[in-house]
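Using the hints provided, position chain B with the ligands relative to the given structure of chain A.
Listed below are the residues making up each chain.
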Amino acid sequence: MNRRDFIKLTIKGTAAVMLVNGLDIIFQPPDVHARTSPRRFVFLVDIYKCIGCGFCVKACKLENEIPFDAGVSRTWVERYVVNGEGEVFADTPKEARYGFTTGRIDLGRGKFKDIPQEKTKKAFFVPKLCNQCEKPSCVQVCPVGATYQNADGVVLIDRKWCIGCGYCIMACPYGMRFFHPVHRVADKCNFCYHRINQGLRPACVQACPTGARLIGNIKDPGDPVEKIIRTQQVAVHKPEYGTNPQVYYVGLGEEVR
Amino acid sequence: MVLESLWTVKEFFVYPNEYIYWAIQIVMYPFMTGLVAGAFVLSSLYHLFGIKPLKEIARFALVFSFALLMVAPLPLLLHLAQPQRSLYVGLTPHFTSAIAAFGVVLFVYGSVVAAELWFLFRKHLVEVSIELKSKTNKSLAEKIKYMVHTILTLGAMDVSDASLKLDAKAIKVLAGVGVPIACFLHGYAGFIFGSVKANALWMTPLMPVIFIMSAIVSGVALCMLIYIIIMGMKKFIVSRKNDSAALSTLKEINSEEISTVQTSVKYLIFFMIFSISLELLDLVFRGYTAVKSWDILRNVIYGTDFINIFLLQYLMGNLVPFILLLLPGLKIRRLIPALLLVLFGVFMMRWNVVIGGQSFSLTFSGYMDYQLPIIPHGLETFKEGLGGALLIAVLPFILFWILNKIFPVLQTKGPD
Ligand code: SF4
Ligand code: SF4
Chain A
0 MNRRDFIKLT IKGTAAVMLV NGLDIIFQPP DVHARTSPRR FVFLVDIYKC IGCGFCVKAC
60 KLENEIPFDA GVSRTWVERY VVNGEGEVFA DTPKEARYGF TTGRIDLGRG KFKDIPQEKT
120 KKAFFVPKLC NQCEKPSCVQ VCPVGATYQN ADGVVLIDRK WCIGCGYCIM ACPYGMRFFH
180 PVHRVADKCN FCYHRINQGL RPACVQACPT GARLIGNIKD PGDPVEKIIR TQQVAVHKPE
240 YGTNPQVYYV GLGEEVR
Chain B
0 MVLESLWTVK EFFVYPNEYI YWAIQIVMYP FMTGLVAGAF VLSSLYHLFG IKPLKEIARF
60 ALVFSFALLM VAPLPLLLHL AQPQRSLYVG LTPHFTSAIA AFGVVLFVYG SVVAAELWFL
120 FRKHLVEVSI ELKSKTNKSL AEKIKYMVHT ILTLGAMDVS DASLKLDAKA IKVLAGVGVP
180 IACFLHGYAG FIFGSVKANA LWMTPLMPVI FIMSAIVSGV ALCMLIYIII MGMKKFIVSR
240 KNDSAALSTL KEINSEEIST VQTSVKYLIF FMIFSISLEL LDLVFRGYTA VKSWDILRNV
300 IYGTDFINIF LLQYLMGNLV PFILLLLPGL KIRRLIPALL LVLFGVFMMR WNVVIGGQSF
360 SLTFSGYMDY QLPIIPHGLE TFKEGLGGAL LIAVLPFILF WILNKIFPVL QTKGPD
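Going line by line, the protein sequences match chains A and B.
Note that numbering that gives the first Met the number 0 has the first sequence beginning at 0, numbered continuously upward.
Note that numbering that gives the first Met the number 0 has the second sequence beginning at 0, numbered continuously upward.
A few of these clues could be false.
Some, not all, of what chain B presents toward chain A, calculated at C-beta under 10 Å [claimed, not checked]: (1) P15; (2) L90; (3) A97; (4) A99.
Hint data in this document are derived by calculation from the structure and do not stem from the laboratory.
Every residue gets a Cβ at the ideal spot worked out from N, C-alpha and C, and that includes glycine.
Looking at chain A on its own, in the form it has when it is part of the complex (with noise of 0.2 Å):
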């Protein structure tokens, strides 16, 4: 072999290496890397036993530094008014980090609506948080990769590689990203991943007084989640974006956005 083919083999050899890399990434499924760890965190809320203390906020919020006063929450909980009229009001002030101190619904710029009591026909409570989806839009679109998905289906987030682009906070459907107010750099929440990876259970789980939120392995035959997700009715947010969400609800009506 001269060195002209040797230099011609080597083009074609390294064009066809990448090609077939290539090809890989962009179109190979996530579900084709299979999953071998024997976890699948999930979550489930059930929507019947919130009362909108904000414990759980307020313990993320600590957990997870947070900024106390940032107006940034890796979760927060939202209250849905509906009236005679069939209306929705909703609002989550201050993410509900203090609870709802108050009956009325806030508008936002400074102004607020009071419905009445006796006008009211249904209320409820309902806990927000990363849905760790199956197949995360946010995860995507990140052009780095400083987004990802572990083996246990948690989506974390690389905070020496993130370059601040946002493209991941604009991708989410559900809200959940926000710019770290001190890092800026993408943050959400990740089920307390440093906790439940030793076996603990999420700071929001722990502190919710009645037992709204609960953390479980959906791989685990004997796990009460899963038990519950499986047999029972749930519901997950915005299953029409194809994300696969895995927050599970009991309760969710078709109010809640």
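Using the frame of chain A, we list chain B with the ligands on its own:
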């Protein structure tokens, strides 16, 4: 509070973490890449299809496209919360993301434009280099000029007819290859938005095409505008001489300008019609199909953003200049405001896509209002404020002025 709360005002039910995260710099980004693509397409109309009246404006448009191109990545850089990590995109590109290939696309396109520029100006570079070489006792400026020009010839000093013919061929090929790449560069910016499934306003497969059409409109308008200004300056210089020779040159310049401008206007109108039709198609389609998100989109389009969309973008930015351009007896004086309005219209279109797309909540029952930081309180509010936007807008002109020293398009008449 988080930085974004400085320019976001929320109303009704909005998730706590929702703010206007993509602010003015992300408006500037598609606006600038649009100008890059548009200027290049204009120059290719001459180099590829040989539309003669566009000759002068084509040479100029190519150099300007290159100047714009160097500024195009800057808005993204200014937008990043961690700009010092921007190169990670090259280290660990994650190709399922529409942003990941931006650097590659930009680089490929930049190389094509640079190569075309080189072939176009090679003769000039060689001439300058030879002229300065023979000159004894050069001044420092001349020494630098000699060095720069000689290096830029890349040692290809042959300017025989045969080799110049080859150059012309290369220019044609590059202009041909460049058009799809330029469209890709900008259609790609459209894809970045159009593929965000969480955003009801952005998600449409039409987005890349809409972006490309309006890009060409803006690029043609800007090049025409600057061409008119340059011609005006030339006329001013000539008219000061005040003799019979000057008078005839003046006439020559005038007739050349008119024929160039008239041809360009035709293309401008053509692309404007295309771009407006696409945008209206999108609007009508959304209204007709009226899926779940239409309720909130309608409130945004016909309510909160009415002034931005219908008055500023469609009326001032499309209809008024359209009439000005179509009125019989085209005058340069009328053309200047028309072109300025066209540019403004395209800018507003970018604004209405980027900011408008974030002006409603994911809950579909709340709104966010964007208030552009005008007086900066620090680096962050400068970058994401009026100052940062103006910086991006001015930079291409400075770069163009520098580039013009090497690739002269303002002073002399150049090769075909
Ligand atoms: S809820 Fe949003 S942030 Fe969480 S995994 Fe799904 S897409 Fe990503
Ligand atoms: S903000 Fe960070 S995590 Fe999110 S897409 Fe950009 S680089 Fe990835």
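Evaluation of the provided hints:
no.	hint	result
1	P15	holds (5 Å)
2	L90	holds (8 Å)
3	A97	holds (7 Å)
4	A99	holds (4 Å)
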